[in-house]
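Protein sequences appear in the order of chains V and F.
Following the working numbering, the numbering of the first sequence begins with 1243 at its first residue and continues without gaps.
Following the working numbering, the numbering of the second sequence begins with 42 at its first residue and continues without gaps.
Simulated from the structure, these hints should not be mistaken for laboratory data.
In this text, a Cβ means the ideal position worked out from N, Cα and C, and glycines have one as well.
Watch out, some of these pointers could steer you wrong.
In the DSSO-like style, the derived pairs of lysine-lysine whose C-alpha atoms are separated by at most 30 Å in a straight line are [said to hold, decoys possible]: (1) V:Lys-1306 to V:Lys-1325; (2) V:Lys-1258 to V:Lys-1325; (3) F:Lys-122 to V:Lys-1258; (4) V:Lys-1258 to V:Lys-1342; (5) V:Lys-1325 to V:Lys-1342; (6) F:Lys-191 to V:Lys-1306.
Now the in silico label distances, taken between C-beta atoms and shown as ranges [what the hints assert, rightly or not]: (7) V:Leu-1251 to F:Ala-103: 20 to 26 Å; (8) V:Ala-1291 to F:Lys-122: 22 to 28 Å; (9) F:Arg-117 to V:Ala-1318: 17 to 23 Å; (10) V:Thr-1315 to F:Leu-155: 47 to 53 Å; (11) V:Ser-1310 to F:Asp-213: 29 to 35 Å; (12) F:Arg-117 to V:Asp-1332: 36 to 42 Å; (13) V:Phe-1308 to F:Arg-133: 52 to 58 Å; (14) F:Leu-155 to V:Gln-1309: 37 to 43 Å; (15) F:Gln-52 to V:Thr-1305: 26 to 32 Å.
Residues on chain F that point at chain V, a partial pick, calculated with CB under 10 Å [what the hints assert, rightly or not]: (16) Leu-51; (17) Val-53; (18) Ile-54; (19) Met-58; (20) Arg-60; (21) Gly-111; (22) Ala-112; (23) Ala-115; (24) Pro-141; (25) Ala-205; (26) Ala-207; (27) Ser-209; (28) Leu-210; (29) Arg-211; (30) Asp-213.
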Amino acid sequence: MNPEPFLQLDRVIHEKGRLGIMSLLAASPQLAFTELRDTLNMTDGNITAHLRTLQESGYVAVTKSFQSGRPLTTFALTAQGRKAFATYIDLLEQIVQQSKGEK
Amino acid sequence: MEPGWASEHLQVIRTLMERAAVYRRALAPTTLVTGGIGAAAALIGWFMRIESPRGFGLFWIAVSVVAVCGAFWAVRSQALKDQEPFWSPPMRRVTQALLPPLVAGLVAALLVVLPEGAPPARVWWLPPIWMVLYGCALHAAGFFMARGIKLFGWGFMVLGCACAVAVSLRLDADGLPALRNAHWLMGATFGGLHLAYGAYLYLTEKRKNAA
């Protein structure tokens, strides 16, 4: 098996929690903190840590606003994040094809 | 590493992406508000003797506008409570799915009640038409929602068809009852069914949250 695609996998996205966040954000223009947390069944601390890592990598952008006087924090994929996610999916598909070819 | 891990990863991604598109706000408050408005309107219609064809049609159009506003208010309250956007992408998708049959119902109602001197027999067709169209709206929205909304939509469609058959049979036989009785039909379906489904959702959502 050619290890090349596996070695190219983005380690930031590959982690289970961050992969969940990236997948949800890829399917929606933006999601609130609570929507991400509840859908992924994660704790506040855990999801905050993952979101910070994704932000530092430039994959996720945060918007803070107010809705009827209450703070609202929403997250969205950046163009860089969208591209990295697409590349990650391509590599996964290559790995799947390779393993099918070997059978 | 296991050979199937990449496929499993892709499956997880697919599932999560689908989940992001699903409307997941609690449906019990919305259903109970809609049902309460429907049941109260039926009582008002009956006791206020709204029985002219035009009065009946316009009254229920107004009730449906109030019910839609009530449903949006219930959704907005939840969004505020959960600190989430009200006009979220799933909310948009659900609204877009609901809209065409609801607009068709409004147009049908206006076509029936606006002409001067519409006979009551013609107006008796409105409840079954509304039930079928409302069922279609729920069924379409059910593609973006969980919790048996599609089945609820089917219930309305089947009931609407059954009512249409009953109206047709009564029309051929001994004529239809006074239009005032149609308020009971509207109250039982748009009020009673919503309240029953809302109560079921309320109990099961509560149990699910407690688990």
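Status of each hint after checking the structure:
no.: 1; hint: V:Lys-1306 to V:Lys-1325; result: holds (24 Å)
no.: 2; hint: V:Lys-1258 to V:Lys-1325; result: holds (19 Å)
no.: 3; hint: F:Lys-122 to V:Lys-1258; result: holds (29 Å)
no.: 4; hint: V:Lys-1258 to V:Lys-1342; result: holds (24 Å)
no.: 5; hint: V:Lys-1325 to V:Lys-1342; result: holds (26 Å)
no.: 6; hint: F:Lys-191 to V:Lys-1306; result: violated (36 Å)
no.: 7; hint: V:Leu-1251 to F:Ala-103: 20 to 26 Å; result: violated (59 Å)
no.: 8; hint: V:Ala-1291 to F:Lys-122: 22 to 28 Å; result: holds (26 Å)
no.: 9; hint: F:Arg-117 to V:Ala-1318: 17 to 23 Å; result: holds (22 Å)
no.: 10; hint: V:Thr-1315 to F:Leu-155: 47 to 53 Å; result: holds (49 Å)
no.: 11; hint: V:Ser-1310 to F:Asp-213: 29 to 35 Å; result: violated (55 Å)
no.: 12; hint: F:Arg-117 to V:Asp-1332: 36 to 42 Å; result: holds (40 Å)
no.: 13; hint: V:Phe-1308 to F:Arg-133: 52 to 58 Å; result: violated (21 Å)
no.: 14; hint: F:Leu-155 to V:Gln-1309: 37 to 43 Å; result: holds (40 Å)
no.: 15; hint: F:Gln-52 to V:Thr-1305: 26 to 32 Å; result: holds (31 Å)
no.: 16; hint: Leu-51; result: holds (5 Å)
no.: 17; hint: Val-53; result: holds (7 Å)
no.: 18; hint: Ile-54; result: holds (5 Å)
no.: 19; hint: Met-58; result: holds (4 Å)
no.: 20; hint: Arg-60; result: holds (6 Å)
no.: 21; hint: Gly-111; result: violated (18 Å)
no.: 22; hint: Ala-112; result: violated (18 Å)
no.: 23; hint: Ala-115; result: violated (15 Å)
no.: 24; hint: Pro-141; result: violated (23 Å)
no.: 25; hint: Ala-205; result: violated (40 Å)
no.: 26; hint: Ala-207; result: violated (44 Å)
no.: 27; hint: Ser-209; result: violated (46 Å)
no.: 28; hint: Leu-210; result: violated (49 Å)
no.: 29; hint: Arg-211; result: violated (50 Å)
no.: 30; hint: Asp-213; result: violated (53 Å)
This entry does not satisfy hints 6, 7, 11, 13, 21, 22, 23, 24, 25, 26, 27, 28, 29, 30, going by the numbered hints stated previously.
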